[in-house]
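On the provided structure of chain A, position chain B as indicated by the hints.
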Amino acid sequence: MSLLQRKCGIAIASLLLSVAVPAIELVVNGGFEVNSGVGTPTFSNWIVVRENANPGAAGNFFAQTGSRSPTAGLTVSGAPAGSFTAMADQTGPGRTAIYQDISVPASGQMWLSMRLFVLNQSDDFAGGATLDFNAVPNQHARVDVMSLAASVFDTGSGVLTNAYITRPGDAPSGSYFPVSINLKPFAGQTVRIRVAEVDNLHGLVVGVDQVSATYVPDNTCAPVRPREGGANCNLDVDGDGLLTVTDALIATRYLLGFRNAALVQGITFDACATNTSAGGLNAAAATLSIGAPPPLDIDGDGAAHAATDGALLSRAMLGLTGATATSGVVAPSPAASRSQWPDARRYLNNTCLAGVL
Amino acid sequence: MQIDCLKRTIGQLAAAVACFLLASAVQAQATRTWVSGVGDDVNPCSRTAPCKTFAGAISKTAAGGEISVLDPGSFGAVTVTKSITLSGDGTLASILNSGTSGVVVSAVCAPCDVRLRNLSFFGAGTGLNAVNFLGAGSLSMENITIEAQSSNGVNIAANGTVNAVLRNVSIRGVSTGVQVATSVGLARVLLDGVHIHQTAAGVSVDANSVVDINRSSINFTITGILSSVASSIVRLSDSTVSMNTTGLSATAGGQIISYNNNRLRGNSTDGAPTSTIYQR
Chain A
1 MSLLQRKCGI AIASLLLSVA VPAIELVVNG GFEVNSGVGT PTFSNWIVVR
51 ENANPGAAGN FFAQTGSRSP TAGLTVSGAP AGSFTAMADQ TGPGRTAIYQ
101 DISVPASGQM WLSMRLFVLN QSDDFAGGAT LDFNAVPNQH ARVDVMSLAA
151 SVFDTGSGVL TNAYITRPGD APSGSYFPVS INLKPFAGQT VRIRVAEVDN
201 LHGLVVGVDQ VSATYVPDNT CAPVRPREGG ANCNLDVDGD GLLTVTDALI
251 ATRYLLGFRN AALVQGITFD ACATNTSAGG LNAAAATLSI GAPPPLDIDG
301 DGAAHAATDG ALLSRAMLGL TGATATSGVV APSPAASRSQ WPDARRYLNN
351 TCLAGVL
Chain B
1 MQIDCLKRTI GQLAAAVACF LLASAVQAQA TRTWVSGVGD DVNPCSRTAP
51 CKTFAGAISK TAAGGEISVL DPGSFGAVTV TKSITLSGDG TLASILNSGT
101 SGVVVSAVCA PCDVRLRNLS FFGAGTGLNA VNFLGAGSLS MENITIEAQS
151 SNGVNIAANG TVNAVLRNVS IRGVSTGVQV ATSVGLARVL LDGVHIHQTA
201 AGVSVDANSV VDINRSSINF TITGILSSVA SSIVRLSDST VSMNTTGLSA
251 TAGGQIISYN NNRLRGNSTD GAPTSTIYQR
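Just so you know, the protein sequences line up as chains A and B, in that order.
Counted the way the numbering used here counts, the first sequence spans residues 1 to 357.
Counted the way the numbering used here counts, the second sequence spans residues 1 to 280.
Pulled out of the complex, with its shape left as it was, chain B reads as follows:
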C-alpha cells in the first residue's frame, strides 16, 4: 500500500517535471531569431549565437515570429508548420533546395501567415518547388528570386482559403512559374511586379482561384498564362505577355480578363482574353 502510494507520488512528480520542462521549452522560443553563414543549429539562434539554417531556427522561433539573416549565406530548405517570417533584408539570403522544396508550408499550417522577404531560391535543377504552400491563410513574398526548380516556382495547392501577394518576384528556369489552386475555399493571389521567363508555363490558375496580375511580364514560356477550369479567373493589367509559344490560354470555362492596357504581342500564338474591361 505504501509502495503504491510512493509510485503514485513519483509519477505525479515526473509529470510535474515534464510539464515544467515543456513550459521551459515554449518559453525558449523567441519572437526574432537569427541565422548566419557561420552559425550553428545547436545555438539558441540569438543575435550573438545564431543558428546555421532556417530549419534549425524555426523550432526556436515563436509562431508569428521572424527569422532574420545576419550575413550572406545559404540557409537550407525548411518546412513551415506555423506562421513565420523568413527575412533576408539587408543581405544575401539564399536557400539551396536541390532535390527538395525550398519552403514548404505544411498542410497543418492552416490558418497561418507566412512572409518571405529578400530571399533567393536555387534548386540546382533538381529542386522541387521553391515555395510549396499546402495550408491555408496568407502568404506574402517580396523581393524574391527563384531559379532552377524542376517543378514550380511558387506552388499554391492550398487546403483552404488563401490570400497571397507576390511582389517583385523573379522566376526563371522552372516548370511552372506560379501554380495556383485550392481544394477548399478560394485562392486569391496578387502578382505585382512578377517577372517569369524560361519556364514551361508562366502562370497556371486552376480550381477555385482568382489571380490578379499587375505590372508583370511573362516571356519565353510554352504557355504564358493558363486559366484552366470554370472556377479559375485571371485579371491582367499593365503587363507584357510576349515571346511565348502561346500567350494566353483559357480552357474549360476558365477566364482571362484583360484591363485593355496589356501588351500581348510577339507570341507564336497570342491567344486572347476571354473578355476585356476598362480600368475605372
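Next up, chain A with everything else stripped away, as it sits in the complex:
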C-alpha cells in the first residue's frame, strides 16, 4: 500500500469515525406497549414474576394506562410515553418483579435508562437488604442489573449492580423520574434488567416505562447516555455524550481556579466531543459550580471544592467505587451529608445520571 493510499485510508476512517450513527436498541418492548391488555400481567419480551410461595401474597406488574393504578385505583402519573406502563400494584403484602435479559455487546458504549414512578402509601420506606416480604418491615423498590444465574428475587451476589433503590426518608410519591446506569462494565455478557418491589407495610405502586439499553460502537458518536440530568447536573462538559475522566478533569481544574486556556491545556478530546473550546468549557464548568448548592457538590456539604468533590468525581470516573472512592477525600462530617460512597453514588446516579457502579 502506498503512502498516499494509507493517508487516504486514514482520512476516510477519520471521516467515518466522526459521522454520528444512530444508537442500537437492545431492549425490546421497552415502552410496554405490546401487552395482553389493560390490567393484564403479560408483556411481550418481558417476564413478570409474583410471589407464589405464600398464597396470601398479593401484587403483580400490570399493563397500566391512564391516571389510576391497576388494582388499588390510586391516582398515579400517566405514562411518560405511549399509552402503557408496567405498574406494580397490590391489595396486600407481597413482592413482584419484571425483567428482560439483554446481550451486552463486547465493545462500544452501552447505557441503560428508564423512567420510574414510585407511590408509597406507607409512612416511609424500609428495608432494602432483601426482597423478602415476610421480613417486616420491608418496603422498597429497586432496579438492578443481574446475573442470569441468580434467582429472580435475589439481592446478593446475583446483583451485578444496583441502578436505583428507594431508601427511608425518600419522598413518598412524585412523577416519573429517570434511572440510568452504564452497562459498559458488562460488555460481552448477557445480563438481566430487573425492576422489583416488596411491600409489607402498605401499598407500594411502582411504574416503569421507556426502558432502553442503547449501544453504539466505539469511536462513533451517538447519544447513548440520557441527557435528562442535564438540567440539574450535566457533568458531560465536553458534550461527547459520555461521562469520562476528561469531564472530571475539566471540572476539577475549574474548581481549582483554572480558566480558559489553562482549563484545556494538554487535554485531547475524543472525536465526538462537541464542546471543546475554552470558552464553551469555561461556561459549562461554571454552570456546575454555581448554585446553592452547586451541582458539583457531590459530598453534600453545600459547596463545590476541588479537593473533595473534584477528587471524588475523578475517582468515580476512573471506575473506583466504595471506600476506595471516598477514602482520604471526604471525611465524615455533619456538614457532608454524602461522605459515604453509597450516598455519593446515589447523588451521582439519581441527580446527575452518571451511571457509576
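Read the hints as simulated data drawn from the structure, not as lab findings.
A couple of the hints might just be wrong.
[As the list claims (entries may be wrong)] Label-pair restraints from in silico Cβ distances:
| no. | chain 1 | residue 1 | chain 2 | residue 2 | range |
| --- | --- | --- | --- | --- | --- |
| 1 | B | Arg-215 | A | Thr-351 | 42 to 48 Å |
| 2 | B | Gly-266 | A | Leu-74 | 30 to 36 Å |
| 3 | B | Ser-183 | A | Asn-45 | 52 to 58 Å |
[As the list claims (entries may be wrong)] One side of the interface only, derived from the structure: several residues of chain B facing chain A at Cβ under 8 Å:
| no. | residue |
| --- | --- |
| 4 | Phe-122 |
| 5 | Asn-260 |
| 6 | Asn-262 |
| 7 | Arg-263 |
| 8 | Pro-273 |
| 9 | Ser-275 |
| 10 | Thr-276 |
| 11 | Ile-277 |
Beta carbons are placed, not taken as given, at the ideal position from N, Cα and C, and that holds for glycine.
Okay, now just chain B, sitting in the frame of chain A:
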C-alpha cells in the same frame, strides 16, 4: 226461633265486646315504658308507675318502642318477640340471668329491630346466652358488659338475614364471646370496640356469616378467632389478638382477612390470616 235469634244477638254482642277489649289492650301499649328497682309489673310501666322487670314491661310496650330504666336495678331476663329497645342510659341497668338467657330474640321476631344500650348481663355462671338472637332483622348493642354465662355472650343463630352492630361491648367469663351463624341469608356483624377475654373462644364465625372486627381485643381464650366453614369470613382491623392458646384459626375454607394493621403476638400459637389486604 226467637230464642235462636236472641242467642245470635248475644253472640254478636260478645264478639263486639271482645273486639273492643282487644282494641283497648293494643291502645294501652306505649311507645316508651319504664322499669324501676322499686316498680311493680302490675303497673302500666309509666314514668310515675313503672314496672319491675323488662319482661313485665315488654308486653306494655309497642313494637319498635323503648323500655327505659329509671334507677339502678336488676330487671330480669326477657324474651323478645317484636322490635324493641332496652335502654339503661344514665343508670345501672343489669339483667341477672342465672339459669337462662338474658335477652332472647325469638325466632318469630323476623324481621325485627332490637336495640340494647347500657346494660349489664350477669349469668352467675349458669346463665345460658346473655343475648340469644334467633330471629332476623337487626341487632344493635352499645355499651354492654356481659359476664359469667355458661354458653355464649352473644349468640346469633339467625333464621334469616341479620345485620348486627356491637359497639363498646365487654365480654368475659363465657364459653364463646360472640357466636355468629344464620341458616338462611347472611349474618353481617360489626364488632367495634369489643373486648373479649377469659372465654373458651373469642369470636366464632360459622355458616353464612361475615364479621368485621375493628378496634377490638381478644385475650386469654383457647381460640381467639375461629372462622370455621367456607361461608364464614372475618375481616380484622386495628385489633389485638394476644395471649390466647391459638390466636387465629381458619378451618374448612373459612377466611380470616387481616388489614395488615393488627397485633397478633404472644399467643401460644399465633395462627395466621388466610390473606392480608391493605386498608385503602
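Right, here's what the structure says about each hint:
1. Distance hint check: the CB atoms of Arg-215(B) and Thr-351(A) are about 44 Å apart, consistent with the given range 42 to 48 Å.
2. As the Cβ distance of Gly-266(B) to Leu-74(A) is approximately 34 Å, the hint placing it in 30 to 36 Å holds.
3. Taken as a hint, the range 52 to 58 Å holds for the pair Ser-183(B) and Asn-45(A), whose Cβ atoms sit roughly 55 Å apart.
4. Interface hint status for Phe-122(B): violated, as the beta-carbon distance to the closest one in chain A is roughly 41 Å, over 8 Å.
5. The beta carbon of Asn-260(B) comes within 6 Å of a beta carbon in chain A, closer than 8 Å, and the hint placing it at the interface holds.
6. Residue-level restraint check for Asn-262(B) is violated (minimum Cβ-Cβ distance to chain A is 12 Å; threshold 8 Å).
7. Interface hint at Arg-263(B): violated, since its Cβ lies 12 Å from the closest Cβ of chain A, which is beyond the 8 Å cut-off.
8. Taken as an interface hint, Pro-273(B) checks out: its beta carbon lies about 7 Å from the nearest beta carbon of chain A, inside 8 Å.
9. Here the hint on Ser-275(B) is kept, as its CB sits about 5 Å from the closest CB of chain A, short of 8 Å.
10. Of the supplied interface hints, the one on Thr-276(B) holds, with its beta-carbon coming within about 4 Å of a beta-carbon of chain A, less than 8 Å.
11. Contact between Ile-277(B) and chain A, as hinted, is supported at the beta carbon level, the nearest pair being about 4 Å apart and thus within 8 Å.
When held up to the earlier numbered hints, the structure conflicts with 4, 6, 7 and fits the remainder.
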